[in-house]
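Those protein sequences? They're chains L and F, same order as listed.
Once you know that position 27 of the first sequence is 27 in the numbering used here, the rest is easy, because the numbers rise by one and skip nothing.
Once you know that position 79 of the second sequence is 79 in the numbering used here, the rest is easy, because the numbers rise by one and skip nothing.
Think of the hints as simulated: they come from the structure by calculation, not from any bench.
Where is the CB? At the ideal position from N, CA and C, for every residue including glycine.
Incorrect hints may have been included.
Here are a few chain F residues that face chain L, going by a calculated C-beta distance under 7 Å [unchecked claim]:
| id | residue |
| --- | --- |
| 1 | R13 |
| 2 | L15 |
| 3 | R22 |
| 4 | K100 |
| 5 | V101 |
| 6 | M226 |
| 7 | A257 |
| 8 | D258 |
Residues per chain are reported as follows:
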Amino acid sequence: MESKTNHVMSEAIIVDKLSKKYVLGTLQRDTMLRERLISLLRAPFRKRSDAANTLWALRDVSFRVSKGEVVGIIGRNGAGKSTLLKILSKITYPSSGQVRVQGRVASLLEVGTGFHEELTGRENIYLNGSILGMKGWEVEAKLESIVKFAGVERFVDTPIKRYSSGMRLRLGFAVAAHLDPDLLIVDEVLAVGDAGFQRKCLDTMEGLRSGGRTVLFVSHNMAAVENLCSRCIWIEAGQLKMDGSPRDVIEAYMATFAAAQETMADLRSVQNRRGTGEIRYTGIEYLARSGELLTTVRSGDSFVMRFHYHAEKPVPFPSFGLRIYTELGTLVSDTSTWHHALDIPLVPAGDGYVDLDIDLLNLLPGRYYLSLWITGASSPVHDNIEHCAQLQVELANVYSSGRALDSRSGIVFFPQRWNLAGVGGELAPSEGQETRSDAQFPGKRA
Amino acid sequence: MNYEWISEFWHFRELLYFLAWRDVKVRYKQAALGAAWAIIQPLFTMIIFTLFFGRLAGVPSDGIPYPLFSFCALVPWTYFSSTLSQAGNSLVSNAPLVTKVYFPRALLPAASVLGGLVDFLIGSVFLIMMMIYYRVKPGWSLLLAPFFVLLMVLLAFSISMLLAAMNVRYRDVKYALPFIIQIWLFITPIIYPVTFLPAKLKHFLALNPMAGIIEGFRACLLSTHMDWGLVRVSIAVTLTLFIAGAIYFRATERTFADIV
Numbered sequence: 001m002e003s004k005t006n007h008v009m010s011e012a013i014i015v016d017k018l019s020k021k022y023v024l025g026t027l028q029r030d031t032m033l034r035e036r037l038i039s040l041l042r043a044p045f046r047k048r049s050d051a052a053n054t055l056w057a058l059r060d061v062s063f064r065v066s067k068g069e070v071v072g073i074i075g076r077n078g079a080g081k082s083t084l085l086k087i088l089s090k091i092t093y094p095s096s097g098q099v100r101v102q103g104r105v106a107s108l109l110e111v112g113t114g115f116h117e118e119l120t121g122r123e124n125i126y127l128n129g130s131i132l133g134m135k136g137w138e139v140e141a142k143l144e145s146i147v148k149f150a151g152v153e154r155f156v157d158t159p160i161k162r163y164s165s166g167m168r169l170r171l172g173f174a175v176a177a178h179l180d181p182d183l184l185i186v187d188e189v190l191a192v193g194d195a196g197f198q199r200k201c202l203d204t205m206e207g208l209r210s211g212g213r214t215v216l217f218v219s220h221n222m223a224a225v226e227n228l229c230s231r232c233i234w235i236e237a238g239q240l241k242m243d244g245s246p247r248d249v250i251e252a253y254m255a256t257f258a259a260a261q262e263t264m265a266d267l268r269s270v271q272n273r274r275g276t277g278e279i280r281y282t283g284i285e286y287l288a289r290s291g292e293l294l295t296t297v298r299s300g301d302s303f304v305m306r307f308h309y310h311a312e313k314p315v316p317f318p319s320f321g322l323r324i325y326t327e328l329g330t331l332v333s334d335t336s337t338w339h340h341a342l343d344i345p346l347v348p349a350g351d352g353y354v355d356l357d358i359d360l361l362n363l364l365p366g367r368y369y370l371s372l373w374i375t376g377a378s379s380p381v382h383d384n385i386e387h388c389a390q391l392q393v394e395l396a397n398v399y400s401s402g403r404a405l406d407s408r409s410g411i412v413f414f415p416q417r418w419n420l421a422g423v424g425g426e427l428a429p430s431e432g433q434e435t436r437s438d439a440q441f442p443g444k445r446a
Numbered sequence: 001m002n003y004e005w006i007s008e009f010w011h012f013r014e015l016l017y018f019l020a021w022r023d024v025k026v027r028y029k030q031a032a033l034g035a036a037w038a039i040i041q042p043l044f045t046m047i048i049f050t051l052f053f054g055r056l057a058g059v060p061s062d063g064i065p066y067p068l069f070s071f072c073a074l075v076p077w078t079y080f081s082s083t084l085s086q087a088g089n090s091l092v093s094n095a096p097l098v099t100k101v102y103f104p105r106a107l108l109p110a111a112s113v114l115g116g117l118v119d120f121l122i123g124s125v126f127l128i129m130m131m132i133y134y135r136v137k138p139g140w141s142l143l144l145a146p147f148f149v150l151l152m153v154l155l156a157f158s159i160s161m162l163l164a165a166m167n168v169r170y171r172d173v174k175y176a177l178p179f180i181i182q183i184w185l186f187i188t189p190i191i192y193p194v195t196f197l198p199a200k201l202k203h204f205l206a207l208n209p210m211a212g213i214i215e216g217f218r219a220c221l222l223s224t225h226m227d228w229g230l231v232r233v234s235i236a237v238t239l240t241l242f243i244a245g246a247i248y249f250r251a252t253e254r255t256f257a258d259i260v
């Protein structure tokens with residue numbers, strides 16, 4: 001380790017060559033004495049932690065955060081972001097390396113930690129406040145303000161099991177917002193709750209920032225990171241990949257998604273499928289209308305999905321179909337040649353393809369999954385493959401406003417226009433007092 | 001076990017209070033009979049013991065009416081046994097807290113140990129009522145009773161630290177605990193007085209710290225013979241268990257959040 005004598009601390013956080021190792025065996029939930037005894041009997045002299053079972057959640061991470069900085073931490077799921085926050089919050093301990101944190105730390109890895117269903121709102125404020133490190137008199141002094149902030153005045157003395165999930169979130173965040181720490185550590189809190197709640201969270205962090213507090217927060221909301229942070233750290237596979245201005249880091253990070261985007265999938269080797277197999281999908285391609293393979297698919301794009309198939313023998317009246325699901329498994333759309341009343345009397349044996357020409361992809365950014373199916377005339381299933389391909393939809397300026405929509409804005413957008421004629425008064429962008437989406441449905445009547 | 005550990009524990013004393021308060025509040029909030037359960041459990045056990053051991057088996061009771069004799073032991077025993085099963089699971093049942101917030105982990109078993117005292121107090125009030133009913137007047141030794149209560153709390157905390165920490169890694173503890181408590185009941189002088197045992201067995205009995213605590217508690221309240229030899233061994237065993245529990249807990253607490 002480096003010298004520990006340097007106590008000049010304008011730094012709020014010093015992380016030095018931090019590593020965290022998990023031995024996978026011990027991650028199992030139900031650790032039983034029996035297993036330990038059995039393995040001891042089988043191989044009494046073997047060391048239990050062999051390298052194959054070791055997972056480095058963090059490896060050699062070093063950085064410093066000065067007082068007053070607001071640092072966003074980004075990275076894919078499982079990259080080690082949460083482990084880093086847990087170590088900084090003293091919840092878990094590093095395998096090697098050092099961490100030093102100065103000042104009063106409030107760490108919010110979850111909203112409403114320790115809430116108990118049976119207790120009332122008021123009781124939970126006391127409990128949660130003291131769990132997060134507030135003193136009793138502090139909670140008492142801030143109680144009214146917390147209740148007001150959460151907007152639960154009428155329900156303070158109701159057990160929170162009667163609260164809606166939104167109320168619960170607001171209450172949890174209200175307590176956290178009153179912590180008044182020197183250093184606030186926040187994990188993906190913005191991923192939950194409705195737009196109003198997220199607005200409140202962002203405002204609170206904005207307030208902390210202008211109050212000169214140090215904030216460290218993990219988020220997948222790139223817009224929030226860019227808006228709030230003075231600096232951004234990107235963690236990839238347990239290592240610090242990039243540290244710099246939010247704009248640069250986010251751009252570099254997003255670029256890796258485009259590279260990883262699969263615009264082609266080979267389906268020949270997929271085992272997990274149902275059906276007679278008389279005719280089967282062999283591949284998918286995402287193509288521009290001009291015919292070349294796409295590198296990315298963006299909201300609002302026009303493009304072609306090409307489904308390749310192979311027929312073992314001539315197949316009468318097949319229907320080709322596609323289902324699109326969100327990442328959480330919600331069915332967005334099921335479409336097929338049958339829905340369009342396209343009857344194909346006979347598909348000859350051999351290879352071929354069908355194209356789905358999409359005029360305007362009105363999906364918001366996010367990851368979607370495709371399931372494909374082919375049925376026959378008397379509706380036997382010939383082929384059915386669940387979640388066999390991904391569709392990664394990237395950000396786009398769909399409303400031509402310069403304000404990008406992301407996955408938190410929902411699943412779909414639609415051609416639209418706001419009309420402000422009824423507002424009256426002076427309106428800032430005075431061109432026509434009307435906004436419209438850039439997206440045009442071909443065949444839309446003028 | 002060092003100074004820092006203890007001072008941090010002290011720093012978080014308010015959270016300890018809130019956690020204990022939560023345990024107590026939640027325990028009674030949904031139970032229709034509420035705090036009455038603190039009496040029902042030892043009371044019915046006492047009735048069964050009186051019928052089977054006092055009446056049918058004719059177990060002696062140091063000249064004290066058998067119901068009072070057994071109830072006086074059942075109040076601390078009920079505290080001890082229910083605290084062990086609560087505190088033994090405290091780290092596991094509070095896993096969301098352990099993995100999301102930092103605080104001295106020993107607060108969780110400590111909160112169960114403190115929370116149980118509410119039941120103990122309610123049971124003690126009932127015990128006093130029984131003493132009045134049986135016209136048993138305590139002597140000066142009554143002043144020593146708080147000492148035995150303290151020793152009992154310390155013992156419960158020591159064993160709770162051991163069990164709770166072990167339970168994080170080996171869920172066997174959860175299954176073994178009810179069984180251990182059941183056996184422990186019989187090797188503790190609750191049903192019978194220490195004088196009931198042959199001298200040889202008494203030495204082994206002394207290794208069970210609950211023996212000295214319960215005998216001492218009974219001697220304080222019911223003015224039976226105080227066996228100081230037994231009490232001394234109990235104090236020594238309790239302190240040893242406390243040090244062992246604290247060392248084991250401290251050695252393992254850093255891994256709790258990773259494996260719970």
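Hints versus structure:
{"no.": "1", "hint": "R13", "in the structure": "violated, 10 Å"}
{"no.": "2", "hint": "L15", "in the structure": "holds, 5 Å"}
{"no.": "3", "hint": "R22", "in the structure": "holds, 6 Å"}
{"no.": "4", "hint": "K100", "in the structure": "holds, 5 Å"}
{"no.": "5", "hint": "V101", "in the structure": "holds, 5 Å"}
{"no.": "6", "hint": "M226", "in the structure": "violated, 40 Å"}
{"no.": "7", "hint": "A257", "in the structure": "holds, 4 Å"}
{"no.": "8", "hint": "D258", "in the structure": "holds, 6 Å"}
In summary, the numbered hints that this structure violates are 1 and 6.
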